[in-house]
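Next come the chains, spelled out residue by residue.
2 protein chains.
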Amino acid sequence: MELLMHRRVALASALFVCFLLGPVAGDEGMYPITELSKLNLKAKGLKIDPASIYNPKGISLIEAIVNIGGCSASFVSNDGLILTNHHCVFSAVQAASTPERDYLTDGFLAATRADEVRARGMTAQITEQMRNVSADVLSAVRDGMEPIERSKAIEARIAELTKKAQAELPGKTVRISEMLAGQSYVMFISTTYRDVRLAYVPPRSIGEFGGEDDNWVWPRHTGDFSFIRAYTGPDGKPADHAPANVPYHPRRFLKVNPNGVNEGDFIFILGYPGRTYRHQTSYYLAYEEQYRMPYIADLNAWRISTMEELGRPDRAVALKFDARVKTLANTMKNYRGKLAGMSRLRLVEQRRQEEAGLQKYIDADPQRRAIYGTVLEQTRKIYDEMSSRARYELVLDSLAQVPTSLPASASQSVSTLVRLATIVVESGAEKVKPSAASLADFHEPAERLFFKKVITLAATLPEGQRIKAVDTALRRDYSDENINRYVDEVFAKTVLRTPEGLASALGKTPAELSKLGDPLIALAADLLPLQQELRDVRARRSAELSKLSALLVDVKQKYLQKDFIPDANSTLRLTYGRVRGYSPADATYLSPITTLTGVMQKTRDDYPYATPQIVRDLYQAKDFGRYRLPKINDLPVAVLYDADTTGGNSGSPLMNAKGELVGVNFDRAWGATINDYAWNEAYSRSIAVDIRYVLWLTEKMGKAAFLLQEMGVK
Amino acid sequence: MELLMHRRVALASALFVCFLLGPVAGDEGMYPITELSKLNLKAKGLKIDPASIYNPKGISLIEAIVNIGGCSASFVSNDGLILTNHHCVFSAVQAASTPERDYLTDGFLAATRADEVRARGMTAQITEQMRNVSADVLSAVRDGMEPIERSKAIEARIAELTKKAQAELPGKTVRISEMLAGQSYVMFISTTYRDVRLAYVPPRSIGEFGGEDDNWVWPRHTGDFSFIRAYTGPDGKPADHAPANVPYHPRRFLKVNPNGVNEGDFIFILGYPGRTYRHQTSYYLAYEEQYRMPYIADLNAWRISTMEELGRPDRAVALKFDARVKTLANTMKNYRGKLAGMSRLRLVEQRRQEEAGLQKYIDADPQRRAIYGTVLEQTRKIYDEMSSRARYELVLDSLAQVPTSLPASASQSVSTLVRLATIVVESGAEKVKPSAASLADFHEPAERLFFKKVITLAATLPEGQRIKAVDTALRRDYSDENINRYVDEVFAKTVLRTPEGLASALGKTPAELSKLGDPLIALAADLLPLQQELRDVRARRSAELSKLSALLVDVKQKYLQKDFIPDANSTLRLTYGRVRGYSPADATYLSPITTLTGVMQKTRDDYPYATPQIVRDLYQAKDFGRYRLPKINDLPVAVLYDADTTGGNSGSPLMNAKGELVGVNFDRAWGATINDYAWNEAYSRSIAVDIRYVLWLTEKMGKAAFLLQEMGVK
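Here the protein sequences line up with chains A and B, keeping their order. So that you can map any letter, position 635 of the first sequence is 635 in this note's numbering, and since no number is skipped, the others follow by simple counting. Quick note: to get this note's numbering, add 1000 to the position in the second sequence (first position is 1).
FYI, nobody ran anything at the bench for these hints, they're computed from the structure. Mixed in with the good hints, there may be bad ones.
Using 20 Å as the maximum straight-line C-alpha spacing, the simulated DMTMM-like pairs for lysine to aspartate or glutamate come out as follows [as the list claims (entries may be wrong)]:
1) A:K602 to B:E1289
2) A:K602 to B:E1349
3) B:K1602 to A:E349
4) B:K1333 to A:D213
5) B:K1602 to A:E289
6) A:K453 to B:E1309
7) B:K1453 to A:E309
8) A:K558 to A:D365
9) A:K333 to B:D1213
10) A:K326 to A:E447
Working from the sequences, and respecting the hints, build out all of it.
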């Protein structure tokens, strides 16, 4: 699923690399809204005025697009009704559920607006204005600045500009995003509505049909949609959740077209794609392929199988691990898809050849050579250094990462306990509080296995990449017996296994802590300086790469004599394409629209394929209503298209040539995850739930015809 | 892969149930060669005289078809050259290999005939004559015989007729097979050549490309072929392996057509399909679906993962388990395919409805009712009884099965040790020797886990299905602690863990054995009477079902007013169809010819996808020779068609409308394994390696153009 994947590697956040925009690559690209005029969308198939999508001087389609935090969504009625993915509201539905009212399992329908329940943790943000502030930002940079100094200057200027704008625009959210590294910066001005409520959520057996098995898979049969609603204070302004609040009236909402789309139709998508790494250097790709992704994918696989093993005899334990397993599996499958794609496309090799061409071009002119001559070489050196200690850094991340605002489930830290100990050690100085999630996830038998795993990983690091803190803890005896002894000792003695012990340790000074004689706290104290060193190293790398990246963008634009458009960076983008099948492998063709017959083929009596009885009955009766595909007497379920999406695009409206909503984007095909690194016409495919399935389920299963009426679907 | 799967359930061998032959089902059926005249093959697409396939009075195509024991094959030259599957010669290649000459890994090519090495354990049998002996066999049956008496009378008459014919036909192999239960019997007269040698075997990376991952999978890219050669004594008669032997000159060999086939082409196959269960009763199918297949599939899964776990840190151990894991996985995947198919097609339910119709037909006529009225009811009762103690019988089989001629790898016994103990206990009376394979497979840590597994399975049987011998051994304490204690005791005390101990125990009388005080031998002694009881129960069931089955065939033929043709029973059969893709699932279409590009897509650096460098280079150079598919500039690799095959058809020649060889059959698509129970036009697909891939590899990779010359391919 296209949840925004949180990347903990600091370097990523500073790197924006870009890709080629040319007339041939008609279906490639996540275009910034401000660049739409360059696109000639009419020639591609759009049947409305491109200015009606974004018009800086008036109301346009983009005001119907909602950022709900890690996901996208859209308004579908004048009363603030929002259509997005089931997986985007999953946590809110979980939070609203109790053992007596299990909305996740049974689904949720508010019979009247008064029955709509709060979607905890969710907000609805609408981007209203975009301002190019590149000149303002870059005025902070002076020639001759060291990379790290330059980065800091840019950061400071961005903070200053943001603060100023924020003061001028009370009630608005202001954010400045780097679009092209060291080149262009855009200020996004938006409004954030804080009262969001659940209107209709299908049961999990529909909204999550196929579960982890089908995740990143086409053909797909998941009814991954939900309806929520944005509320404002009685004055129409953003307000905290309150009974007196009223539905928000958006300036624009999307027209829902109940006729859906057909193979070959032009479609486009507006949303908030998170992060792409197109045209990164071959050095970056090689590092990802050789070190980071296989390490994380393998470790996640181990963590998942360990948690599954522990959960098998005990349903309560399995439930405790559920969300964590889901997140780990999502990342694992994404990485394995990418690794397969990189190997299949020989991506590193391909990128190397492109860079050889670029270097030749640079070297051909003495002036170019003076400016750009060593950019690639310097980049290579940074990645060489990273590679030379890659396992050290990855294992250190697995041991513990602080500070972190992420729930334990999304963290790279394998051992909750070491993470807690690290927080405890830092708490004396910084008063960091461990999040509730860290404690909720705690399960001693699992924690013991996790702890042993990271200690073993550290114990088997090659000479020269050893983690000193672990060497000290193990007294340089790396035998399995000694590791077992050490793990036993830690679990026998640490105070951190219980909430009380944890509470008592928090906020103590280092001296007080060391008096406890707690072996886990001792380990964390020894790890802290190593982690600080790693943070510093990464900040330095990041600043250097940021500067090199800016130079690279510069010279590549000259070399290719083409415009660049920025990588995805969680800002509003448009992508377009056609409804289109693909051939993922030899002798295999997958067509672009799945059917309810396919749902029935997968249906079994247990999770994740347990279709509700009412849907089975409706299928048996062939009661497809107005949504029937007459040629095959079937109901469309999901749609595939060659638009260019990534994590964060979940919940984005799929629109037809007239800008009418015909589906809700929620995933990519497995082979397409490679498009985070390189767009590939043959493999890059995204997946939406078909609006016809959404409407049919809402009407026939959910008995919520009134929502269809509200959307103007007759 | 289509190895003949050995079924240990005695009942199966006595049950031949049949299926409908009608003009609509044009592509269904494994036709006995003697029935071909009923088929009108010309109308289906055959372009040669059907009499040239089988002519009782002259030389015909069937004399080019070879039964090599569990697999099929065909002569492709006048000098006894035989083309079959790589997996059919696997054991012989393994036996011919040494650590210095690893023919499995590197492949094998005999540069001259003198270099051809013995294919140990292999024989080549050619069916020459078929005689209908139904009247002769059935003359042994008298009215009023009890089922078991009737079965014994038929068995005795078959033995007598076989012995007589054998005496009249020295040098020939005579076998009488039941074709339709209680109705028809055919005598097959054949010649068996005992000197078979390896001529050309591709490396395992080609012949087993895809390994277990791809087994039962389409699209497929396995080069599953090998060339062997039959030899005779200098007098042209069958002879044991000897240097003076000369190549056999078959009376007929197949013409190899290097142009292959195209989508839609008519094809047919001659071979020795092992066993099908079409039109078995719903009771049989329900038993298979609910009890036997899930039990075996789950147990195999456990055995495989246990062996893989043990083999991970130790390559030697992994190799020891290799063949066993392969066999277990093959069966597991086959069963899971069948279970999925049964559930998808609701096969039991479907069969129940057919039977309801049949019962109505029977009941409509008093005379019919008198003869057939209770046939279904009686059958149901037998399966009810089987089901009521299904878990008991299955676990008893898992504990130990004797006597057995099967290698441990194919046995349902989980614990080698209990099996050995059972053999030891029986050896006093019967002088049974444990096979070398039983000892070779022995690995104490694995054996300890296996033993604990079967004891635990027995300990958790429901009340009323308990195994007394295990109850006694555990003294009715079924706790995990007690099981561990018992396992420890057995392994501490038994003499059977070592070859010496085993040898010393063999042949001892029961009294001598009991003096040893060996807990394992005590368990085996207690198990023996239970196993004897089970054998007796099964013989009784089998006889009853055999009689009921004959009546069922009778009345079904009347009811449907159609001819029946017999289920597969390892005798020579013809099946035909067309080269044809299929849609295994919603929105998915698989086309019927794969390519070398597909091989490259799957190629990695490690087993089972490690394509040899020379093939990679030839692909890079697009050096496809005369075998190139011009439209896509690619090389065909495997072919899919809707003919009806099963285990035993491996190695069968795939022939075009002119009877020319265009491929070598080796597998079915996963979804097609259900055709053992019910043919399904939409799912039943078989797989051959394309002759163009065979010839291209033999010529370009194997550098064995002389073999192409021998086959007359220019």
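The hints, checked one at a time:
Between the alpha carbons of K602 (chain A) and E1289 (chain B) the distance comes to roughly 18 Å, so the proposed pair stays at or under 20 Å and holds. In summary, the hint linking K602 (chain A) to E1349 (chain B) is supported, as the alpha carbons are separated by about 19 Å, within the 20 Å threshold. This hinted pair checks out: K1602 (chain B) and E349 (chain A) have alpha carbons roughly 18 Å apart, not beyond 20 Å. In summary, the hint linking K1333 (chain B) to D213 (chain A) is supported, as the alpha carbons are separated by about 18 Å, within the 20 Å threshold.
For the proposed pair K1602 (chain B) and E289 (chain A), the alpha carbon gap of about 18 Å is at most 20 Å, so the pair holds. For a cut-off of 20 Å, the pair hint linking K453 (chain A) to E1309 (chain B) stands: about 17 Å separates their Cα positions. Between K1453 (chain B) and E309 (chain A) the CA atoms are separated by roughly 18 Å; this keeps the pair inside 20 Å, and the hint holds. Using a Cα cut-off of 20 Å, the hinted pair K558 (chain A) and D365 (chain A) holds, with the two alpha carbons roughly 12 Å apart.
The hinted pair formed by K333 (chain A) and D1213 (chain B) meets the criterion: a straight-line CA distance of about 18 Å does not exceed 20 Å. Annotation: proposed proximity of K326 (chain A) to E447 (chain A) holds, straight-line Cα distance about 18 Å (limit 20 Å).
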